[in-house]
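If you read the sequences in order, they're chains A, B and C. The opening residue of the first sequence carries number 492 in the numbering used here; numbering runs sequentially from there. The opening residue of the second sequence carries number 514 in the numbering used here; numbering runs sequentially from there. The opening residue of the third sequence carries number 669 in the numbering used here; numbering runs sequentially from there.
None of these hints come from the bench; they were simulated from the model. Since the model is a prediction, treat every value here as computed from it, not as a measurement. Please note that the accuracy of each hint is not assured.
What the hints assert, rightly or not - Pulled from the structure, derived: some chain B residues nowhere near chain A, Cβ distances all over 10 Å: (1) 583; (2) 586; (3) 748; (4) 809; (5) 813; (6) 841; (7) 844; (8) 905.
What the hints assert, rightly or not - Taking lysine-lysine pairs in the DSBU-like style, the calculated list, with each CA pair at most 35 Å apart, reads: (9) B:652 to B:870; (10) B:804 to A:732; (11) A:557 to B:811; (12) B:840 to A:621; (13) B:548 to A:621; (14) B:870 to B:795; (15) B:565 to B:811; (16) B:565 to A:557; (17) A:621 to B:652; (18) B:570 to B:652; (19) A:557 to B:548; (20) B:636 to B:548; (21) A:621 to B:565; (22) A:557 to B:830; (23) B:629 to A:621; (24) B:813 to B:652; (25) B:804 to B:570; (26) B:811 to B:636; (27) B:570 to A:732; (28) B:548 to B:570; (29) B:629 to B:674; (30) B:693 to B:798; (31) A:732 to B:565; (32) B:798 to B:674; (33) A:732 to B:798; (34) A:557 to B:795; (35) B:813 to B:938.
From the three backbone atoms N, C-alpha and C, an ideal C-beta is built for every residue, glycine too.
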Amino acid sequence: MHTSVRNGLSYALLVVVVLLVLAPLAWLYLSSVKNDIEMYSVPPTLVPHDPSLRNYGQLLVDVSFKSGFLNSVLVALGSTAAALLLCVPAAYAFSRYLWRGLSLVLFLVLVTRMFPPVIFSLPFFIVLQKVHLINTRLGLGLVYLSFQMPLAIWLLESFFREVPKEIEEAARVDGLSRTQILLRIVIPLSLPGLAVAAIFAFLLSWNEFLYALILTRTNVAQTIPVVVSGWISIFQILWGKMTAAAGLYVLPALVFVSLVQKGMLKGLMQGGVKQ
Amino acid sequence: MRTPHSARFILAAFLVVAAASLVFAGGAGEKPMAKSITIGAEAGGPYQLFYKDLAAKQFTPKTGITVNWVDVPHTDMHQKFLTEAASGAGAIDVFNADQPWVPEFAAAGYLVALDKYITADDKADILQTALDTVSYNGKIYALPYLVHDNVLYYRTDLLQKAGISAPPTTWAEYIADAQKLTGGDVYGTIVEGKQAGAASAKFLDIVYQAGGSVFDSHGNPAIDGAWIDAFNFYLDLIYTYKVVPPGSPTFDNADTHNLLIQGKLAMAPGWPYMFSMVRDPKISKVVGLVKVGEQPGKVKQTAAVFSWGFCVNTASKAQDAAASFLKFATSTDAIATLATTFINPAIRRSALDRMQKDPAISEADRNVIAAMTADVEHGRTIPMIPQWPRIDERIQWALSAVTSRQVTPEQAAAQLTNDIQGIMKK
Amino acid sequence: MRDRTYGMLLAVPASATLLAIVVFPMLYSLHLSVVPLDLLHPGTPRHFAGLSVYAAVIADPRFISSLLHTLLFVVLTMSAELVLGLGVALLLNQSSLAGRGLFRTLLILPLMVAPVVSGLQWRWIFSDQYGVLNYLLSLLHVPAPLWLGSPASAMAAIIVANLWVATPFVLLVLLAGLQGMPDEPIEAARIDGAGWWQRLRLVVLPLLRPAIRVVLLIRLADAIRIFDIVYVLTGGGPGDATQVFSTYIFQTSYGSLDLSKGAAGSFIMVFITALISLFLARRFRAG
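Using the sequences plus the hints, can you model the full thing?
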């Protein structure tokens with residue numbers, strides 16, 4: 492099949508997929524500009540009669556929204572950075588220097604993420620309370636670290652493993668130390684994998700709700716998922732405010748993901764990947 | 514040439530900093546002093562906003578006690594408060610509690626018995642049904658601010674057009690009226706069948722109206738003919754007469770109020786909170802067209818009464834201060850203001866009296882409030898036992914399974930009896 | 669120093685940090701499951717109960733049915749995620765495609781929406797009266813089912829909502845795997861006359877094994893633990909038809925106040941997940 496025809500088909504398929512994926516999101520943004528009467532109209536309206544940005548305006552003066560936003564960003568960035576710092580060396584070790592003991596540790600790391608989060612909420616509360624970290628960003632970040640790490644380790648390990656042994660052996664012959672090989676050869680070659688790990692570690696923290704609910708109490712540490720949930724009362728669901736908040740909440744994540752992908756691309760091109 | 518230690522150094526530095534912050538990071542000031550209390554309450558809830566305002570404007574200036582608030586999303590309040598209470602942290606002095614949690618928390622020893630703070634006058638003034646909703650084992654463990662049950666909302670314009678002079682008082686009339694009122698894109702009424710607490714609360718109304726109850730006088734489960742009647746009543750409304758939206762098996766109270774204010778329902782059982790929504794031109798398409806009355810009944814017209822209140826954590830280090838807030842929040846003044854602000858039943862007779870004499874309140878509103886309060890007095894509350902949430906969960910299952918036609922009413926009743934016996938045995 | 673020591677040094681900081689954070693919760697839960705705590709009778713003395721709480725869980729018919737529902741969900745969703753994720757990854761991997769980065773970013777947008785909002789969003793999309801899905805179907809004169817009102821369609825709705833948030837992960841990992849793949853073997857196969865499907869089956873998929881393996885292991889644990897979407901969409905209904913492991917454990921722990929039973933249920937769940945993971949890890953081992 493001609494490349495151009497195949498390309499055209501691929502493009503068309505991709506566009507269809509993207510449209511399907513974005514449709515619920517479009518509905519979300521549409522809801523955020525509707526007025527309250529229209530929000531639940533039966534049948535639903537596809538084109539808002541009275542669109543306005545009033546819901547967004549309300550958010551910008553909402554104290555708990557603003558503090559929640561800041562907390563979410565700080566906790567996510569902090570825990571992601573810590574996770575990468577810790578997990579890149581560890582994942583490399585699991586991929587290269589694996590012996591039976593380490594293999595068991597690796598499996599146990601995976602086991603920690605098999606528990607339903609709800610079961611740890613009380614014990615985590617007790618622990619954080621003992622070390623006075625309830626209602627702090629640091630406490631929350633540490634708990635998040637414990638789910639980001641297994642994910643990051645396993646993701647990174649599989650990507651590090653794909654780096655051909657020959658390249659590393661050649662570097663050894665050239666006199667590079669083991670750490671230099673990790674820093675100058677393996678990491679640059681695994682940038683796509685690192686990007687994926689960074690993105691998902693970030694998103695894990697960004698979207699987490701249960702522990703943020705249990706382990707924080709006030710604006711100093713509450714994150715957006717909890718703040719937004721607070722707009723659901725048994726009497727009313729402030730859906731306009733919620734969809735507007737979700738609409739804004741997407742943006743930092745989008746920025747992070749774009750930056751990470753751009754940085755990765757730059758790294759790939761500089762590194763002259765496939766030598 | 515040895516490895517540059519930069520990577521390891523950064524790592525070590527991070528760990529040191531992390532450890533140090535762990536040591537030096539103080540708590541976020543969560544130890545309350547005697548002159549301040551912390552209240553855990555529903556985030557963004559209208560009643561919470563009401564009390565935040567009242568506390569700041571009246572309670573704190575009068576008593577000098579500062580009130581701090583911990584906002585918790587509504588659906589998560591139970592889990593959050595349970596975690597806080599079970600850990601013995603004592604950081605939250607007052608819980609904003611839904612009635613079913615009161616016996617549960619009281620049995621677990623998390624709540625302070627409030628009898629010593631309540632005077633004989635208080636006891637006489639507060640509606641007996643209201644006190645029932647916060648008592649466990651003969652002691653009072655919470656003070657309620659909102660005591661309510663479901664009333665019948667109906668569209669005056671649609672009833673008039675269909676030639677119905679007064680809202681139905683019996684099930685038979687209810688079905689007949691609903692049939693007359695269903696047409697176009699409007700349904701006669703609505704039924705909630707979702708596997709959720711809000712829906713099971715309304716179902717209990719139906720059970721009580723059929724003359725049934727959960728337990729008999731000996732404390733055994735009494736899931737009998739009245740329950741079968743109640744199940745069949747719902748099935749008739751949904752499938753035989755088709756006078757409710759077809760999605761009813763999946764609906765809860767949010768769907769009821771949404772559809773009512775969108776003008777899609779001629780009648781609807783609903784909580785008092787819906788009344789303010791129905792009158793609000795910003796969200797309602799039926800302003801001025803809705804009135805309120807008692808739900809119809811088979812054996813009698815009645816409904817299940819529930820309440821929301823405040824209670825004091827036994828781990829609190831400021832119990833007296835906390836109790837004084839509770840008394841303030843349920844004082845005649847506060848209750849009168851609350852009932853008028855929200856058009857809700859008044860839990861104290863003195864508050865009702867004051868409102869009846871207040872010229873600032875419109876006659877229509879006064880009537881509605883009086884009607885809702887009388888309705889509460891005719892109602893009865895759920896069994897105040899710590900096992901109630903577990904039993905209610907099984908009732909939710911039965912309701913959903915029957916209305917989605919996965920089991921027959923008889924099968925559901927048998928299973929429910931079994932389940933309740935199992936729960937009570939433990 | 670020896671390789672093994674070096675490896676340990678690299679792995680210790682992460683493993684130790686992880687251990688330090690999760691060891692207490694795990695031991696606490698384990699303790700709860702063998703020395704039962706009765707929250708409703710806090711004064712009663714606590715005894716070692718051996719495996720009796722575990723036996724009570726296994727004997728609970730609602731546990732068994734939640735296990736079956738969970739396994740059904742896991743099999744269906746993971747198959748769909750893999751097929752969809754791989755398909756889109758292959759589409760995106762074509763080097764002559766412009767705007768690839770943009771597509772990729774757009775396709776992971778679902779993950780950036782706060783789950784409480786996206787969960788409610790899906791509930792309303794599937795709703796009967798004001799649901800946009802049934803509205804669109806009615807415009808096309810397609811009969812619309814009551815999605816959340818019957819067991820099969822409720823499960824379908826949950827799977828669709830889950831796919832929306834779960835497939836981006838699969839997509840990104842497989843795409844990264846495809847991009848890191850050496851060109852030579854594929855080129856060699858092409859020169860040897862292998863068609864697209866053969867290249868995929870005989871060269872690309874085997875080379876993609878490590879990525880597929882990690883996707884399966886990560887997604888398995890997540891699929892088995894699924895909670896938010898089920899809770900918001902159906903609450904486990906209708907009639908317990910979509911009750912899964914996590915909702916059962918949540919309801920047991922915080923609804924019935926039986927923390928011990930919830931803890932025991934969790935360990936059983938972990939055990940089952942670990943068994944399946946071991947099987948998958950061996951089956952998809954590279955080389």
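Cross-check of the supplied hints:
Listed as outside the interface, residue 583 of chain B is inconsistent with that label: its C-beta sits roughly 5 Å from the nearest C-beta of chain A, within the 10 Å cut-off. Look at residue 586 of chain B: its CB is around 4 Å from the nearest CB on chain A, not clear of 10 Å, so calling it non-interface is violated. The non-interface label for residue 748 of chain B is consistent with chain A: the shortest C-beta to C-beta separation is roughly 24 Å, beyond 10 Å. Every beta carbon of chain A lies more than 10 Å from that of residue 809 of chain B, the smallest distance being close to 24 Å; the non-interface claim holds.
Every Cβ of chain A is farther than 10 Å from the Cβ of residue 813 of chain B; the closest lies at roughly 27 Å, confirming the non-interface assignment. Chain A leaves residue 841 of chain B outside its interface by the beta-carbon criterion, the shortest separation being 23 Å against a cut-off of 10 Å. At roughly 24 Å from the closest C-beta of chain A, the C-beta of residue 844 of chain B stays outside 10 Å, upholding its exclusion from the interface. With a closest Cβ-Cβ approach of about 15 Å to chain A, residue 905 of chain B is found to remain outside the 10 Å limit, as its non-interface label requires.
Of the pairs offered as hints, the one joining residue 652 of chain B and residue 870 of chain B holds, with about 34 Å between alpha carbons and a cut-off of 35 Å not exceeded. Of the supplied pair hints, the one linking residue 804 of chain B and residue 732 of chain A holds, its CA atoms being roughly 30 Å apart against a limit of 35 Å. Straight-line distance between C-alpha atoms of residue 557 of chain A and residue 811 of chain B comes to about 53 Å, which puts the hinted pair past the 35 Å bound. A distance of roughly 33 Å separates the Cα atoms of residue 840 of chain B and residue 621 of chain A; the hinted pair therefore holds under the 35 Å criterion.
Using a Cα cut-off of 35 Å, the hinted pair residue 548 of chain B and residue 621 of chain A holds, with the two alpha carbons roughly 24 Å apart. A distance of roughly 30 Å separates the Cα atoms of residue 870 of chain B and residue 795 of chain B; the hinted pair therefore holds under the 35 Å criterion. With a C-alpha separation of about 42 Å, the suggested pair residue 565 of chain B and residue 811 of chain B falls outside the 35 Å cut-off, and the hint is violated. Between residue 565 of chain B and residue 557 of chain A the alpha-carbon distance is near 20 Å, which keeps this suggested pair within the 35 Å criterion.
Proximity of residue 621 of chain A to residue 652 of chain B is assessed by CA-CA distance (about 34 Å); at most 35 Å being required, the pair is judged to hold. Note on residue 570 of chain B and residue 652 of chain B: the hinted pairing holds, with a Cα-Cα distance of about 32 Å set against a maximum of 35 Å. Between residue 557 of chain A and residue 548 of chain B the CA atoms are separated by roughly 29 Å; this keeps the pair inside 35 Å, and the hint holds. Restraint check: the Cα-Cα separation between residue 636 of chain B and residue 548 of chain B comes to about 28 Å, which is no more than 35 Å; the hinted pair holds.
Note on residue 621 of chain A and residue 565 of chain B: the hinted pairing holds, with a Cα-Cα distance of about 30 Å set against a maximum of 35 Å. Pair hint residue 557 of chain A plus residue 830 of chain B holds up; C-alpha atoms about 32 Å apart against a cutoff of 35 Å. Taken as a hint, the residue 629 of chain B and residue 621 of chain A pair is honoured in the structure, with Cα atoms around 33 Å apart against an allowance of 35 Å. Between residue 813 of chain B and residue 652 of chain B, the direct Cα distance comes to roughly 30 Å. Compliance with the 35 Å bound is thereby established for this hinted pair.
Note on residue 804 of chain B and residue 570 of chain B: the hinted pairing holds, with a Cα-Cα distance of about 34 Å set against a maximum of 35 Å. Taken as a hint, the residue 811 of chain B and residue 636 of chain B pair is honoured in the structure, with Cα atoms around 33 Å apart against an allowance of 35 Å. Restraint check for residue 570 of chain B and residue 732 of chain A: satisfied, since their Cα atoms lie roughly 28 Å apart, inside the 35 Å limit. Under the criterion of a C-alpha separation no larger than 35 Å, the hint pairing residue 548 of chain B with residue 570 of chain B is consistent with the structure, at around 17 Å.
Simply put, residue 629 of chain B and residue 674 of chain B have alpha-carbon atoms about 56 Å apart, too far for the 35 Å limit, and the pair is violated. Between residue 693 of chain B and residue 798 of chain B, the direct Cα distance comes to roughly 22 Å. Compliance with the 35 Å bound is thereby established for this hinted pair. Straight-line distance between C-alpha atoms of residue 732 of chain A and residue 565 of chain B comes to about 21 Å, which keeps the hinted pair within the 35 Å bound. Our distance criterion of 35 Å between C-alpha atoms is met by residue 798 of chain B and residue 674 of chain B, whose separation comes to about 18 Å.
Under the criterion of a C-alpha separation no larger than 35 Å, the hint pairing residue 732 of chain A with residue 798 of chain B is consistent with the structure, at around 20 Å. Restraint check for residue 557 of chain A and residue 795 of chain B: satisfied, since their Cα atoms lie roughly 26 Å apart, inside the 35 Å limit. Distance check on the hinted pair: residue 813 of chain B and residue 938 of chain B sit about 32 Å apart at the alpha-carbon level, within 35 Å; holds.
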